[in-house]
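J.: First to last, the protein sequences are chains A and B.
Just so you know, we're using my numbering here: the first sequence kicks off at 1 and counts up by one.
Just so you know, we're using my numbering here: the second sequence kicks off at 1 and counts up by one.
Hints should not be assumed to be uniformly reliable.
[Stated by the list, open to error] The calculated label-pair distances, taken between Cβ atoms and stated as ranges, are:
id : chain 1 : residue 1 : chain 2 : residue 2 : range
1  : B       : R22       : A       : A53       : 31 to 39 Å
2  : B       : E79       : A       : S26       : 30 to 38 Å
3  : B       : G51       : A       : Q45       : 35 to 43 Å
4  : A       : Q45       : B       : T86       : 18 to 26 Å
5  : A       : L7        : B       : D38       : 13 to 21 Å
6  : B       : P39       : A       : L20       : 17 to 25 Å
7  : B       : V12       : A       : I60       : 30 to 38 Å
8  : B       : H24       : A       : I60       : 43 to 51 Å
9  : B       : K53       : A       : P113      : 37 to 45 Å
10 : B       : T15       : A       : K69       : 29 to 37 Å
[As the list claims (entries may be wrong)] No more than 27 Å apart at the CA atoms, straight line, and that leaves these computed lysine-lysine pairs for BS3-like:
id : chain 1 : residue 1 : chain 2 : residue 2
11 : B       : K11       : A       : K108
12 : B       : K70       : A       : K105
13 : A       : K105      : B       : K57
Derived from the structure by calculation, the hints contain no laboratory data.
Please read these numbers as outputs of a predicted model, since none were measured by experiment.
Ideal Cβ positions, reconstructed from N, Cα and C, are used throughout, including at glycine.
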Amino acid sequence: AQSVTQLGSHVSVSEGALVLLRCNYSSSVPPYLFWYVQYPNQGLQLLLKYTSAATLVKGINGFEAEFKKSETSFHLTKPSAHMSDAAEYFCAVTGGSQGNLIFGKGTKLSVKP
Amino acid sequence: DAGITQSPRHKVTETGTPVTLRCHQTENHRYMYWYRQDPGHGLRLIHYSYGVKDTDKGEVSDGYSVSRSKTEDFLLTLESATSSQTSVYFCAASDRGLDYGYTFGSGTRLTVV
Chain A
1 AQSVTQLGSH VSVSEGALVL LRCNYSSSVP PYLFWYVQYP NQGLQLLLKY
51 TSAATLVKGI NGFEAEFKKS ETSFHLTKPS AHMSDAAEYF CAVTGGSQGN
101 LIFGKGTKLS VKP
Chain B
1 DAGITQSPRH KVTETGTPVT LRCHQTENHR YMYWYRQDPG HGLRLIHYSY
51 GVKDTDKGEV SDGYSVSRSK TEDFLLTLES ATSSQTSVYF CAASDRGLDY
101 GYTFGSGTRL TVV
């Protein structure tokens with residue numbers, strides 16, 4: 001079965017600093033990969049997705065992620081953090097036993113002024 | 001995105017009572033899902049549906065049942081609520097296309113006292 005590991009349940013950065021949120025997956029076949037963002041008291045919104053086209057994927061709000069098959073990773077980055085980026089971020093992969101998405105446990109991003 | 005609406009948004013109920021949460025979509029998605037979100041666990045699949053009257057269990061289905069009598073509505077019932085079912089419940093929908101991801105509702109915060 002597929003699985004997703006997000007390293008770090010909490011990440012804190014200063015405004016203007018690089019954001020790096022880590023996601024590793026286990027998969028025997030090339031998966032589709034997703035990053036979602038959840039703002040307080042809201043549902044999850046799709047940030048970006050990898051579906052076997054370009055390995056560097058650009059998403060909304062200046063985020064991007066790079067699919068690295070050799071490292072089974074799909075880390076999320078943003079060059080310069082804004083206060084509005086404070087949220088919880090979830091990595092997800094296709095391949096659940098019911099054909100569903102499997103989600104990581106989430107990383108809460110805090111942005112300090 | 002008003003494509004998926006969950007009701008109620010908040011509910012407090014007593015142990016042992018039945019509770020039904022509703023998910024309504026306007027996008028004609030074939031697949032619908034119920035997840036629960038708990039700290040440290042991320043999102044876990046409760047039940048899903050792959051068409052009208054076609055449903056199946058997810059990884060944490062005990063104590064829950066679902067029904068889908070119309071494409072647009074997916075109901076989650078807690079047959080006899082317990083305190084361990086205090087959680088935030090999210091409905092999601094997808095078309096399972098080549099680049100499928102989920103569209104999420106805003107969630108229902110359920111407290112069982």
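J.: If a hint holds in the structure, say so; if it doesn't, say that too.
T.: These are the hints, each one checked on the structure:
1. B:R22 / A:A53: 31 to 39 Å: With a Cβ separation near 37 Å, R22 (chain B) and A53 (chain A) satisfy 31 to 39 Å, so the hint holds.
2. B:E79 / A:S26: 30 to 38 Å: Since the Cβ atoms of E79 (chain B) and S26 (chain A) sit about 34 Å apart, the hinted range of 30 to 38 Å holds.
3. B:G51 / A:Q45: 35 to 43 Å: Violated, at about 26 Å.
4. A:Q45 / B:T86: 18 to 26 Å: With Cβ atoms ~25 Å apart, the hint holds.
5. A:L7 / B:D38: 13 to 21 Å: holds (20 Å)
6. B:P39 / A:L20: 17 to 25 Å: Holds, at about 23 Å.
7. B:V12 / A:I60: 30 to 38 Å: holds (35 Å)
8. B:H24 / A:I60: 43 to 51 Å: violated (25 Å)
9. B:K53 / A:P113: 37 to 45 Å: violated (53 Å)
10. B:T15 / A:K69: 29 to 37 Å: Violated, since T15 (chain B) and K69 (chain A) (Cβ atoms, about 48 Å apart) do not stay within the stated range.
11. B:K11 / A:K108: It holds: about 25 Å lies between the C-alpha atoms, which stays within 27 Å.
12. B:K70 / A:K105: Violated - the C-alpha atoms of K105 (chain A) and K70 (chain B) are around 32 Å apart, more than 27 Å.
13. A:K105 / B:K57: The given pair, whose Cα atoms are some 21 Å apart, holds under the 27 Å limit.
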